[in-house]
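Q: Spelled out from the first residue to the last, the chains are:
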Amino acid sequence: MTEIHRETLRPRAPWSRVLTHGQVLTIVDLDGNQAVDFLAYDAHDTSQAYSAQATLQAQDTIFLTTGSVLRDNEYDPLLTVVADEVGRHDTLGGACSKESNTLRYGHHTHSQHACVENFMHELSRYGMGKRDHVPNVNWFMNVPVDPDGALGIVDGISAPGLSLSLRAEKDVLVVVSNCPQINNPCNGFDPSRVELVVTHG
Amino acid sequence: MSTDQPQPTATTAGARAHARAQEQAARDGGFPNRPTVPAAAADLPGEAVWAERVAPGGYAHRVLAAGTAIQLTDLDGDACASLLLYHADMPWERLNVADTVKVQWQVYTTAGQLLLSDQARVLATVIGDTSGRHDTLYGTSAQARNEQRYGDGSPEGSSPAGRELFVLGASKHGLGRRDVPPSISFFQGVRIDAGGRPEWLGSAGPGATVTLRTELPVIVLVANAAHPLDPRTAYTSSPLRITAWRDRVTAPADNLWHATPEGRRAFENTADHRTGRTAR
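In the order they appear, the protein sequences are chains A and B.
Under the UniProt record's numbering, think of the first position of the first sequence as 1, with each following residue one higher.
Under the UniProt record's numbering, think of the first position of the second sequence as 1, with each following residue one higher.
No wet-lab data here; the hints were simulated from the structure.
Accuracy of the hints is not assured; some may be wrong.
[Unchecked claim] According to the in silico footprint, chain B covers these stretches of chain A (three or more CB under 8 Å from chain B):
| # | region |
| --- | --- |
| 1 | 5-18 |
| 2 | 67-76 |
| 3 | 80-93 |
| 4 | 98-105 |
| 5 | 125-132 |
Think of the CB as a built atom: it goes at the ideal place given N, C-alpha and C, for glycine as much as any other residue.
Build out the structure end to end from the sequences listed, making use of the hints.
A: Shown next as structure tokens:
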């Protein structure tokens, strides 16, 4: 196993990288209960974006864990979860945005930084924009669905040092927002660091 | 082809007469899925603006003004009306299913739910529902999945994928494959169990309706393709009726405006946008 890249991503910040086929990205929840919003695209045709709905169609649960395959909107595998120390991760909640924050918490939150802002900033580096933004994965975030259909972001089940690893099934552009949300428990109300490690072999 | 007798379409005059005779033949029966143009339907509560039957495996698309009611009817019980909405003035603003379920704390769509855009505005409201079996989580099928399940997912084949149908509809409005996000599906229900696993409920039976009301000018795309979790081995789809009539946008005096704090703020954002776009 060869380490290609390692960095600590500060709270609230974006990150992106093209993983070549076979590379493994490990995301470490350094301080615990930090939601990591995550998007992925076929690096050679970015109209093929991660699809929560195609991903769910191909597995028997709404949660992601070891063995789960992230698929794009054409049903092609993008990444496989090859290790997971948490147990399950969210596919439904999407990202926070300045706009959705006004609905969830009130118009007073409109000035707060949000994940969609991180995604837009990072996508702009690749000539991509608003059309390319779709609902994402939320690593380390806990979103149960009750029998009556109620869902919500509740206290996390992750802990300091827990990690998950994703293997690229082809060349994949991955985009991360180290979630800045402070109005719900997805980050324990205190956004914190994550570590990103890329390996191969 | 025999040349003993001249064919009726062997000349331009004959071809024209043959072509022109087809409309009356269709009116006499055999093409129940043809649209009514201009829109007309006897059973609408307001001025008709859209009347169409979407064939099994077919799609429909329309631009509708704010304040239009749209009724979808599952005529025979096997329709699956997958829906996408775009803000017609600026189609990069579109239905966001994640925001729709998250903001309203509810994944099971029924009357009273708002269909939210990524800009925290209401594209449409669900104002009527006799089905109760809908799905916000699984979206529509992709060509590759239908090839695996039915042997074909192409739009010209016998088991068209909903995504391919959406792409065709989107293209008629200048939109491409990257403009087709996750969708919502009406008339084929899914429930999630305590372990997070889906149970496919199927339809509520023939005749169920869902009625939406547009709150902004919208591009509507509808794909009537078999639900991706439909366990039946045969691609199963039946006609969908769409009618629409002039209505009005939701107003502060309506109960729905104040039903939840999240919804109230979404209506406020929507009114704020309409005000900015309206010249005096």
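Q: Which numbered hints turn out to be false for this structure?
A: Of the numbered hints given earlier, the structure breaks just one, which is hint 1.
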